[in-house]
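Student: Chain by chain, the residues run as shown.
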Amino acid sequence: MITQVTLTTQRLEELPGPPATAGPVGAQVEFLGIVRSEENGRPIAALEYEAYQPMAECEIERLLNELGSAHPCHTVQVLHRLGIVPVGEAAIIVRVLAAHRQEAFSLLARFMDRLKQDVPIWKCKAWTREELARRFHPGPFRPS
Amino acid sequence: MITQVTLTTQRLEELPGPPATAGPVGAQVEFLGIVRSEENGRPIAALEYEAYQPMAECEIERLLNELGSAHPCHTVQVLHRLGIVPVGEAAIIVRVLAAHRQEAFSLLARFMDRLKQDVPIWKCKAWTREELARRFHPGPFRPS
Amino acid sequence: MRVLFFAHLKDVTGCAHTELDCGEVDADGLWDALLQRYPGLAPYRSTVRLACNARYAGPDTRFGPSDEVALIPPVSGG
Amino acid sequence: MRVLFFAHLKDVTGCAHTELDCGEVDADGLWDALLQRYPGLAPYRSTVRLACNARYAGPDTRFGPSDEVALIPPVSGG
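Chains as they are written, first to last, in our numbering: chain A, 1 to 144; chain B, 1001 to 1144; chain C, 2001 to 2078; chain D, 3001 to 3078.
Where hints are given, some of them may not hold.
[What the hints assert, rightly or not] Partial selection, computed: residues in chain D whose CB lies under 8 Å from chain A:
(1) F3006
(2) V3048
(3) A3051
(4) S3066
(5) A3070
(6) I3072
[Stated by the list, open to error] One side of the interface only, derived from the structure: several residues of chain A facing chain B at Cβ under 10 Å:
(7) I2
(8) T3
(9) T6
(10) P86
(11) L97
(12) A99
(13) A109
(14) M112
(15) K123
(16) K125
(17) A126
[Said to hold, decoys possible] Label-pair ranges, simulated between beta-carbon atoms:
(18) D:Y3056 with A:R110: 17 to 23 Å
(19) B:E1061 with A:P24: 46 to 52 Å
(20) B:G1041 with A:T9: 45 to 51 Å
Worth flagging that the hints you see were computed from the coordinates, not collected in a lab.
Even glycine gets a Cβ: it sits at the ideal position worked out from N, Cα and C.
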């Protein structure tokens, strides 16, 4: 199984798709986990993610290899964004190429469950619109 | 739940994505069912699909509504190609927008299972490279 | 009534649709009329589902002169 | 050894990493040294997993002077 794992502060939507695959692809599944406009019932403008990056990459590879033996797929690409991710943009994209849909669906669903248990990535802060504005467009006058 | 169902002889990869959705989208899943280079162990160049089109569209809508009450999602788009679909191109694309990934995964997997039981669409012929060539590029000389 | 054939059933009947004049019938009556005209359909009866006006027929469905009936062999979409 | 803190644990310790000089220890020994320096970590001990050199520690893992140790609070990626 070909795997490609990327943790980056770039917009995931602009990154290239999965590497080419050797086997005959009958199913191609793409999942985007998107930042929603509220967190714990409170309106937000962005979520900030941090990771223990080398370990997160290793754990993702380890998970994929473990899941790939139960649910054989040809290629899996995992992109996770770090830093500030605005509402409506993808925090994670997972793409799976497989011969059959069942393996692709199973691997994807189980991978997401395990990611949320084991991979050292954290939503470390929910930003409101005002907080973002103050952080990135500080005005000339700031009351002390 | 907003649904959009299209059965067409056009390339599905070129059609527009799902209509906009009202609810807060946390999960976006796309599935492509792609024609593989062999069918029953024999190399092929294309599959030909036919449908009882008005009934297939109704059945898909009916299935989506039934599945949507158990697995509430915001938007589902189903595109199925008819006629000759070359190897490597999509015979079906399903896109699901939902608040949470679990509902999107469940609806998608169950929809595909039910489609393959209940929706009157058939793989009516597997074309070899030679058959396709004869059909679409008949030479000047054809032995009788 | 108008009767539609799909997939390999078209090869069996030699046509994609036909008109059948059998009054109002239940599924058994419909099959009797169909098999009389197309005896080659017999081996498919156990796996074919009937549809009436673009919906799968139930056990009580009756098929009348103005209905569009379809013979649905096992499907294979997706 | 180098010890890394993530997410809210950085707020508790006031730093993202520190150097700890406690020889070679097991998980209990490591926690003793950590809690001596950062008593505020105590409430998190039951939910934090330890990692050694970018792998989750097992019950027999020993943490030595050249290791990179990490405190992994419950994760929330994706």
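Student: Each hint needs a verdict: does it hold in this structure or not?
Tutor: Going through the hints against the structure:
1. Restraint check, F3006 (chain D) versus chain A: the minimum CB separation of about 6 Å is within 8 Å; hint holds.
2. Here the hint on V3048 (chain D) is broken, as its CB sits about 11 Å from the closest CB of chain A, past 8 Å.
3. At about 6 Å, the closest approach between the beta carbon of A3051 (chain D) and any beta carbon in chain A falls short of 8 Å, and the interface hint on this residue holds.
4. Look at S3066 (chain D): its Cβ only gets to about 16 Å from chain A, farther than 8 Å, so that hint breaks.
5. The interface hint given for A3070 (chain D) holds, since its Cβ lies 6 Å from the closest Cβ of chain A, which is under the 8 Å cut-off.
6. Taken as an interface hint, I3072 (chain D) checks out: its beta carbon lies about 5 Å from the nearest beta carbon of chain A, inside 8 Å.
7. Because the smallest distance between the Cβ of I2 (chain A) and any Cβ of chain B comes to about 17 Å, over 10 Å, the interface hint for this residue is violated.
8. Checking T3 (chain A) against chain B: minimum C-beta separation of about 20 Å lies over 10 Å; hint violated.
9. Nearest Cβ of chain B to the Cβ of T6 (chain A): about 19 Å, over the 10 Å cut. The hint is violated.
10. Evaluation of the P86 (chain A) hint against chain B yields a violated restraint, the C-beta minimum of about 14 Å exceeding 10 Å.
11. At a threshold of 10 Å, the smallest CB-CB gap from L97 (chain A) to chain B is about 9 Å, leaving the interface hint in force.
12. For A99 (chain A), the shortest C-beta to C-beta distance to chain B is roughly 7 Å, which falls under 10 Å, so the interface hint holds.
13. Of the supplied interface hints, the one on A109 (chain A) holds, with its beta-carbon coming within about 5 Å of a beta-carbon of chain B, less than 10 Å.
14. This hint holds: M112 (chain A) has a C-beta 6 Å from the nearest C-beta of chain B, less than the 10 Å allowed.
15. Hint status for K123 (chain A): violated, given a least beta-carbon distance of 13 Å to chain B, over 10 Å.
16. Taking 10 Å as the C-beta contact cut-off toward chain B, the hint placing K125 (chain A) at the interface is violated, the least distance being around 18 Å.
17. The interface hint given for A126 (chain A) is broken, as the beta carbon of that residue sits about 14 Å from the closest beta carbon of chain B, more than 10 Å.
18. For the pair Y3056 (chain D) and R110 (chain A), the beta carbons lie near 18 Å from each other, so the given range of 17 to 23 Å is met.
19. In this structure the supplied range 46 to 52 Å is violated for E1061 (chain B) paired with P24 (chain A), their Cβ-Cβ distance being about 32 Å.
20. Our hint of 45 to 51 Å for G1041 (chain B) and T9 (chain A) holds, since their Cβ atoms are close to 47 Å apart.
Comparing the model with each earlier hint shows violations of hints 2, 4, 7, 8, 9, 10, 15, 16, 17, 19; every other hint is respected.
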